[in-house]
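**Q** With the hints as constraints, model all of the structure from the sequences given.
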Amino acid sequence: MNIAQQPISRRAFLRGAGVALALPYLDAMWPRALAADAAAPRRMVAICTSLGIYTPSLFPKEAGRDYTLTPYLEQLKEHRGDFTVFSGVSHPDQAGADGHTSEMTWLTSAKHPGLGGFRNTISLDQFIAEKIGIQTRFPSLVLGTNNTSQSYTRSGVMVPADSKPSQVFAKLFLEGTKDAVAAQMQKLREGRSIMDTVQGQAKRFGARVGAADREKLDEYFTSIREMEQRLVLSEEWARKPKPKVDAQPPTDITEEKDLIGRMKLLFEIVPLALQTDSTRVITILVQGRGDVPLVDGVTMAHHELSHHGQDPEKIRQLECIEKAEIHALGGLIAALKAKKEGNGALLDNTMVLFGSNLGNANSHDTKNLPLLLAGGGFKHGQHLVLDTKNNTPFCNLFVQMLQRMNVETDVFGSSTKTSVPGLV
Amino acid sequence: MQRVSRSFSGVPSLHSSLRLTLLAVSVAALNANVAAAKADGPAHVTAFLEKHCTNCHDATEKKGGLDLEALPVKFNTEKDRAEWVKIFDRVLADEMPPPKKARPDAAAKRALLEAIGGGIVKVEKAVQAADGRVPLRRLNRLEFERTVQELLGVETPMRHIIPNDTPSHGFDTVAEGLRISQLHIEKYLEAVDAAIPEAMDFRPPAESTPKRYFYKDEPGVKKQFEVADGVADPKNQNKIHRQTLKELPDAIVWFHGGYPSPELKQFSVKQAGRYRIRISAYGHQTAGRNVMMIVYADNYRARRSLGYFDIPPDKPRVAELNVALNAGEFIRIEPSGTGYDADGKSVNNISAPTFKGAGIALQWAEVEGPLAESWPTPQTKRLFGDIPLVEVPANKQVWRKNRKQPYALKPENPKDAAQKVIERFARRAFRRPIESGEAEPFVKLVTDALDAGKSFEDAIEVGFRAVLTAPQFLILDERPGKLDDFALASRLSYFLWSTMPDDELLALAAAKKLAQPATLRAQVDRMLASPKAHAFTENFTGQWLDLRNIEATSPDKRLYPEFDQVLQNSMVGETEAFFTEMLARNESTANFIHSDWLMLNRPLAEHYGIESVTGENFQRVKLPAGSPRGGLLTQAAILKVSANGTTTSPVIRGAWVMKRLLGTPPPAQPADVGSIEPDTRGASTIREQLAKHRSVESCATCHRDIDPPGFALENFDVIGGWRERYRSQEKGDKPPGKINGRGIWEYKLGLPVDATGELRDGRKFKDMMDFKKLLLEQRDQVLKNVTENLLTYATGAGIRFADRTEVARIIASVKAKGSGLRTLVHEVVESPLFLNK
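Line by line, the protein sequences give chains X and Z.
Going by this note's numbering, the final residue of the first sequence carries number 424, and the count climbs one at a time with no gaps.
Going by this note's numbering, the final residue of the second sequence carries number 837, and the count climbs one at a time with no gaps.
Fair warning: there could be bad hints in the mix.
In silico DSS-like cross-links for lysine-lysine, where the CA-CA straight-line distance does not exceed 27 Å [claimed, not checked]:
| no. | chain 1 | residue 1 | chain 2 | residue 2 |
| --- | --- | --- | --- | --- |
| 1 | X | 187 | X | 171 |
| 2 | X | 187 | Z | 396 |
| 3 | X | 187 | Z | 401 |
| 4 | Z | 659 | X | 367 |
| 5 | Z | 86 | X | 111 |
| 6 | X | 314 | Z | 734 |
| 7 | Z | 345 | Z | 223 |
| 8 | Z | 63 | X | 111 |
| 9 | Z | 401 | X | 242 |
| 10 | Z | 79 | Z | 51 |
| 11 | X | 187 | Z | 410 |
| 12 | Z | 659 | X | 111 |
| 13 | X | 164 | Z | 401 |
| 14 | Z | 401 | X | 178 |
| 15 | X | 171 | Z | 187 |
| 16 | Z | 482 | X | 203 |
| 17 | X | 264 | X | 203 |
| 18 | Z | 420 | X | 203 |
| 19 | Z | 187 | X | 131 |
| 20 | X | 203 | Z | 444 |
| 21 | Z | 79 | X | 111 |
| 22 | X | 314 | Z | 557 |
| 23 | Z | 187 | X | 240 |
| 24 | X | 187 | Z | 482 |
| 25 | Z | 415 | X | 187 |
According to the in silico footprint, chain Z covers these stretches of chain X (three or more CB under 8 Å from chain Z) [unchecked claim]:
| no. | segment |
| --- | --- |
| 26 | 79 to 91 |
| 27 | 117 to 124 |
| 28 | 292 to 304 |
Just so you know, these hints were derived from the structure itself, not from any lab.
What you are looking at is a predicted structure, and each value in this text was computed from that prediction instead of being measured.
From the three backbone atoms N, C-alpha and C, an ideal C-beta is built for every residue, glycine too.
**A** Below you can see the structure in the form of structure tokens.
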């Protein structure tokens, strides 16, 4: 299903885009299906920086709306009314195999990641994708600065992240040739007969296994059935033309140390993918690395800086990196605000969750997570201080977000309530 | 009950072997006599619990989270059993009742343990009898890749396409973690789509006579020499041309891998396949030292290392490689660790004719390939039998994988041929004979495609895709009870080769001979002698010893300028070679703690300060007297994966030793105790920081055990080098040594290292050599740990309570035969745990 393996030449792009360049995507064109029901679709974007965020520079001293801007929130000051900062929120029981295993559970809340017979549970985005993903060409987009993601299927399998913006752009917006589309359709149909055949084989196999193993075979059965459904849907989508956008295909940044550059490039895809309703759920994992990121004023490795040991110089350099990350988030919020949809902005229908799985990376602490929620039509503009001793379950916020996505549920993961007090 | 404290000292070691014996005796006795234990079980159990336990562990106190009132004396559920196993272990280890309380009567204690142990074993054995010890298990990502490659006779990489597996009980071969999802099916299809066309590339090999290329003919090189050194660039009069390459009568000298790149573009791969590459080179201006040469395959987008070679000074050496190359790739040859002269000046600032630093003089490179003994290839014959390959007129040739195919399969009767091809393929893919009618649906897919007008190859492809996503292929077909010969062949093969069984194993299975002990022994020896067994070393040590994390951190270049790719590769190479050597020579597992020999190549020997080892290959080297090395813990790979790139932490290394070497992981940090924030302000060494850390009693309980091994390892830096002083960026003295023949200006030598420590029982050690002597008393624990890890990896299930008797038996038997690693592998394979599902 990978469309473009190689960078797309300008010529190929022009060919693929056809009249796209002459006919930019216009708000007025959007979307026929939606014209019927008045409400725009709800979306969610979840962004995590896995090496933590230095919270003394993030959390304001005061609770409520009149907080004094902190060095990090200074980066977002023009959007002050568009987001809420949370303190006192985390997933319970995150002591895991090592200091960074909570990275796997940021969107799932499964307990004790990586220990013994640990099995991850479904992530927030994949849960949404299961419910409403059928309505879009891509049930979800899983993006990352490398191939690791925080998106996990119902069976606890990590969905590999797309890390090449050029490829994501191509799969979202670049149309294949007529022959390529025909070959693609043929392949999808073949895929369905293959699924039919192997399903028969699983019955044969299942006839002779014990009760305990039948569960495993059921897992296989379900996978095959879901694959069939996926193929049917893909066929339908393959028949429909892809949306056209007024944007150039991005050129990938191959320098892995350019964390901020790579992060921004992924962020640029977000408004395009959402506004064309190509997907409604996106996760982005910004994976900090063991080397020196290309950020002015930074000379030490990112991971080492996160273990600053209160060394003021290390904290200063860490702040340089994290300010750049939060500044990039500001760029994304601005882009979502700039896109109009109905009577408001794309941001009004898009929840952007930003934060980290580490509350204090210096000691690998998973309590009091740095968290920020923008958009989605909530009344923002405050620092919401919850229980910093006995943290409010992060999943309570997840349930509230799910309900905002019009996904009917009262529970998710380790939730104890259906909302976070103070967030309306 | 969360905090099971495990001591790190000689006394508990004695204690733990006692524990083993007692366990073996009690559980074995119980297996025979479960009924008796059960008859008077509950009453005496309840009495014991009431007398010694429920004071603290009742509904009101719930000390350590344990409420015995809420825990039934029943072992039916997994959850209850897990709870009882913890109680069993604490009581057995005399950790409960706590030392300050009244000691239970020995006979009562024994009766309690027999009742609990026997109860658990009984239930677990019943479950194992019904379902088997190992749940159905699918091929993991690496096994899938290797098996598809072997089936199709291709070398297409696929692992990057398939979702990562979640290791369970430490290994990605464990059934519990190997889930199946729609995503897997999607990615399997994508992966086989990449591989199958490779197997249907029927082009006859291009001419494969060796051709010799010279660097002086490279356009980039010619350009360098067009303008004389020190003369103004004709195109840019303001710029003085500086040559960075040096021309000798018989060679071109390269000082580094930068511009102009040492690429050999006169040759590029037209047809993927195996190639023989020979390169003639010698060291130039190396002051009598050898220099490393790395050979890469490059395609402008990515480069991969094909090998590295130790090149002697002034006298040419011909290095030879036999490698698989992909279409579009070309060769790139670089020196490693060169480019600076003794004063630290780069060739780029001096220019080649006057530069005095070391480089590699490349004479020529010779390429031959694609190598093929015959055409059609044996792989083609294996898949398609004697179906004729017929030449296709140019205008009718099809494109497959961007290549025009001048030959096509032309069977006389396509449908009959399809049936034969698919049946043969399914038999190999399913690793057993196919049942009557089993291949029909797959054949039908192909014949339907033929009816729809597809070419024979395209139709067969549909069938192959179906076979490779069928459950019989993806899942190991094991049924409860004793494994049949074919299931055994697969288990053996995935254990030692990480791929499907070969013809010999399948033939023995068909003859029902494989399970015979003598045959099994001979087969294990044969399999370990095969190059395929490297997968066992790589995948087992990669996970047991964390070698897969070798790239997780990059050492700070300013603190560790001597670190490079060759050294990193050598690190993993050493530990793998060490394991393989132990296996080959049946060395005692005590060598994991300490050995008087190592497997070294030149870069690593120099890194360890050991002289007179040359070459890139690993050789067995006897350690000089007084060397702190020997055993696993002082190997550079281990020291690197247990550090963070800049600093070492005795806590992380200590925990690593407990977890990986001893198999007694420290308990997870308790949830009710907050993290202690590391604070480096005012504290000058890591030891002082830890002293603060340990002064908090709740931490000290465990850190008394965790920290000592880490302290002993403080003499080893983040890349495994020996240090007596910490490296520093600011304060300190200029280091006296040299790196690759040049001075060191990047770092200074700071505070001295203190590697002394004290075990929980008060015994002191002054450094690693000393500490290893204490650690050797734990050799039984190490043997137990390796045994459990091997059993887990080999069978695909973690060690259960009911397995303990068998584990103890294996250990006793291996010990009696000298504790050899190969003996252990044999014992594992011959164990009922391996021979049964």
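**Q** Of all the hints given earlier, name the ones this structure violates by number, lowest first.
**A** 17, 24 and 26
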